[in-house]
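Given chain E, put chain S in place with the hints provided.
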Amino acid sequence: MTGQTIIQTKDIRKIYGMGEISVAALDGVSIAIQEGEFVAVMGPSGSGKSTLMNILGCLDRPTEGRYILDGEDVSDLNKTELAAIRSRQIGFVFQSYNLLSRTTALDNAKLPLIYHRDNKRSPEEKENTARKKLESVGLGDRIYHQPHELSGGEQQRVAIARALVNDPVLILADEPTGNLDTRSGEEIMNLLHELHEDGRTIVMVTHDHEIAGHTQRTIHLRDGKVEKVIENGDGEGSSPRAEKEQST
Amino acid sequence: MTFTEFLRVAWESIYRNKTRSLLTMLGIIIGVAAVIIMIAISAGTEAAIEDEITGLGSNLVYVSSSFSRGGPGMRSSGGLVYDDAFAIADDVNGVEAVVVEQSSSETVKVVNVTLDGVTIVGSTADFPSVRDMEIDTGRYFNDQEVDRTQKIAVLGYSLAQELFGDEDPVGQVVTVDGTKLTVIGVFSGRGLVSGVDFDSQLYTPITVVFQKFAPSQFARFMGDRVRVISVEIESPEVMESTIQQIELLLAKRHDVSLEAADFSVTTQQDIIKTQEATTAAFRNLLGWVAGVSLIVGGIGIMNIMLVSVTERTREIGIRQSVGATPNDIRWQFLTEALLLSLVGGLIGILAGIGGSWVFGTVSEMRTVIIPSSILLAFTSAAVVGAFFGFYPANKAAQLDPIEALRHE
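Here the protein sequences line up with chains E and S, keeping their order. The working numbering numbers the first residue of the first sequence as 1 and each following residue consecutively. The working numbering numbers the first residue of the second sequence as 1 and each following residue consecutively.
Bound conformation, chain E alone:
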């Protein structure tokens, strides 16, 4: 299952402000995530989770340090280049779904394809791709529904279909079950586990220890640093198998 390294960060720092009043949201984070891994990121608020996710998702750049995504150093790319990386390599799943309102599930799932520069697929092919992804997340009969006509769980599944439509090397999920009831949350987690079994690389931020415990590894952040990394086993196991303190 484990192949090449998808994510490698080398001593990443993100500093906001200047001089005396500057604050380091990330203060030297070095992590490596292999292809096919399912990793959870945990930490109290202010620990730098969001900042790390933004940098991993190429929405932001580190102030210092290197970030190598799928073998490419993306630390110094400009806005347009970062957008291209997001388009090709990354699929986002947000806590609040972030679907376009008054837009059908199909058009939402298709959205990344219209910004994709490298393929010359016809509109019909794009639509078919989006349709297949929606079917694969179990929404084949809902493709012409708009977000407000769908339940929270269904909306999140549209978001997952959208994240998958470009076949990204990395899926970033930011508290994907945070807005959902327990049952819908479980459904979404099952879906993510299925994706993991299909070989997708997934990094997920969560507050829920139980959900984190079902992933392979949990990275705990505190004050902008990696506090500890806990190996949870194969991700299907019920209890953490090993715990390893990592000096930071």
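Errors might be hidden in some of the hints.
What the hints assert, rightly or not - With a straight-line Cα cutoff of 25 Å, these simulated DMTMM-like cross-link-like pairs (lysine to aspartate or glutamate) come out: (1) S/K395 with E/E149; (2) E/K79 with S/E311; (3) S/K395 with E/D27; (4) E/K120 with S/E12; (5) E/K79 with S/E46; (6) S/K180 with S/E240; (7) E/K79 with S/D116; (8) S/K395 with E/D76; (9) S/K18 with E/D76; (10) E/K132 with S/E5; (11) S/K273 with S/D116; (12) E/K120 with S/D116; (13) E/K126 with S/E46; (14) E/K132 with S/E12; (15) E/K79 with S/E408.
Said to hold, decoys possible - If you anchor each label on the Cβ, the simulated ranges turn out as follows: (16) S/N17 with E/D167: 32 to 42 Å; (17) S/A277 with E/R102: 34 to 44 Å; (18) S/F282 with E/K120: 56 to 66 Å; (19) S/D400 with E/N179: 35 to 45 Å; (20) S/V307 with E/Y16: 27 to 37 Å; (21) E/Y144 with S/V307: 44 to 54 Å; (22) E/K120 with S/I299: 34 to 44 Å; (23) S/T278 with E/R102: 46 to 56 Å; (24) E/D167 with S/V307: 30 to 40 Å; (25) E/I68 with S/I299: 32 to 42 Å; (26) S/Y15 with E/G19: 48 to 58 Å; (27) S/D400 with E/R102: 22 to 32 Å; (28) E/G19 with S/Y391: 49 to 59 Å; (29) S/T278 with E/T80: 55 to 65 Å.
To be clear, the hints were calculated from the coordinates, so they are not data collected in a lab. Every residue, glycine too, gets a C-beta built ideally from N, C-alpha and C.
Positioned in the frame of chain E, the structure of chain S alone reads:
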């Protein structure tokens, strides 16, 4: 992202917010319609003026009094007198007819009707032919009657109806400022020409006007003064030589040099040119007004686009997160602004054409739709859209994706 996709996204956004889009376009619609209607009105006015001037009679030359350039110390020379008209008729070659007019405003009475402020036009026998007027009933007066100061009158069509209703006015007597005039004819309707209602006037020999309504104490020594002598020239070919003859003759009669003449000769052409200059100035003014309204419309578009960018910040963030580049976002909003102004422009063109038609039908104004005005209005709408769309589009493009996604 391809151009068709930009168009589709822009169109969907416009279509989804129908009311707001329509309100946004309103400025452009009004601006474009205003340009077309105003140009149509001024073009119509121009055409109407040209028609009216031709309607005054063809090959007309107006000789009018002007102040001599002699300076304040000198006796201001007399200007035109009644006899000048006969001199022109007798001594100048190429003259078809000569008419002198002297007007006065008087009270006109018949047995049971009194009208105040009726224009009494004193003229000579050639008046109907020079002014293109036709007699409806009865006849016009002749040279002998003018010479003998006959107390007779010819009525304009609507004046005759006001005074006598359905009765035949010919042979009846009207009292003008105490002088009794016998009606010998009625003109057929002519309507408004150059702002003068020929139908509401009363026509009488000019000698009657001199004697009864506008007497001059100098007439005995200098002859009766007139302001304008209208001369009908036989054909356009002899126009120039005829004008020269008239100028030489009058200069000699008035004992002035041509440089210091106390009269001036104006042709129909001169009048058309003056009118054209006036309407051109009028049209330019209207054009500026319409242009300003287009700019105001553009500012409206910019306003709404700025609101729209703020409102859709989250949408922009979503698009950025799935791979939209700053340029993608910029083009999306620019396309939307352009589409808004072009659709507004199209609606404005329809409104302008419709409005011009309504104006032309309902009011007395004549309108002529100039095709180039449509093109002008449409391109200005496009330029305005692009210009005022650029700033909001740029603002959208520069949004930070993280902040945009966090936006509520």
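Hints numbered earlier in the text: which of these fail when held up against the supplied structure? 1, 3, 5, 6, 7, 9, 11, 12, 13, 17, 19, 21, 25, 28
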